[in-house]
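Please model the entire structure based on the sequences and the hints provided.
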Amino acid sequence: MKNTIDMLTDERDGNTYRTMVIGDQCWMAENLRYLPSVSPISARSPRRLWRHVQNNSRIRPYYYVYGYPGRRVSEAQATANYRHYGVLYNWPAAMGACPPGWHLPGDEEWTQLVDYLMQAYGLHNDWVHTHCAGNALKSRRQIDSPLNNAGNPAEHPRWDSIHTPPPERKTVAVNVGQQYGTDEVGFSALPGGRYAYGAFTELGFIGFWWTSTECYATRAWYRFMRHEFGDVTRSSFDKAAGLSVRCVRD
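Residue numbers (our numbering): 12 to 261.
Not one of these hints is a red herring.
Here are the computed distance ranges between Cβ atoms for each label pair: (1) D24 - E120: 21 to 29 Å; (2) R94 - H174: 22 to 30 Å; (3) P178 - D17: 34 to 42 Å; (4) T90 - R29: 16 to 24 Å; (5) A89 - T20: 17 to 25 Å; (6) T229 - E120: 20 to 28 Å.
No lab work stands behind these hints, which were simulated from the structure alone.
No residue lacks a Cβ here, since even glycine has one placed at the ideal position from N, Cα and C.
Pasting the structure below:
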């Protein structure tokens, strides 16, 4: 099925984004890179800082670039992780990060996206099948993928090999089949990792995206996709965590 590709320029900072019409929705096909400020990271006592961030960041916007420890916007924007994976936003920042005419998608809008893929493309959304919604949304840039056709797959941006365990887990999950991204609709999801509990983790292995829907007073729903599975998973996270953002058109 044909999906319409267009370009969007964010007049706030000049960043341009590919956009994609999928069913009745128009999505950004890249992670948001809007960065009005950079929030502090402590290398000495990240857990202590995280407790402070938890208390304040549930109501104040915080912005992070994966692995960047400073506070200069220009330096953060010069990093490869900013260019490839965008900005990690806590939930208050994510709620106001999208450009005019666009918004942070709600929980139901993410569900609508996955349901459309399942119905229109005959996909599944579980851990067992390989022809799944998450694989259809994920970029083909993946180490060991037979579908990668974008040069050296070891270079970022990319998904790690399904056979490589994240450093935080030490072991790779047992899966069925070859869970490679097929990017069937041009969404090109990439694993930008997260900032939580005082540390950056999961770059190359998991992509996390906020929704605008609260779960509890201190938590909100999000979606994530993993390098070794093909589904799109729904879960909730502390609003203080830094996750990626994809915007959807109003």
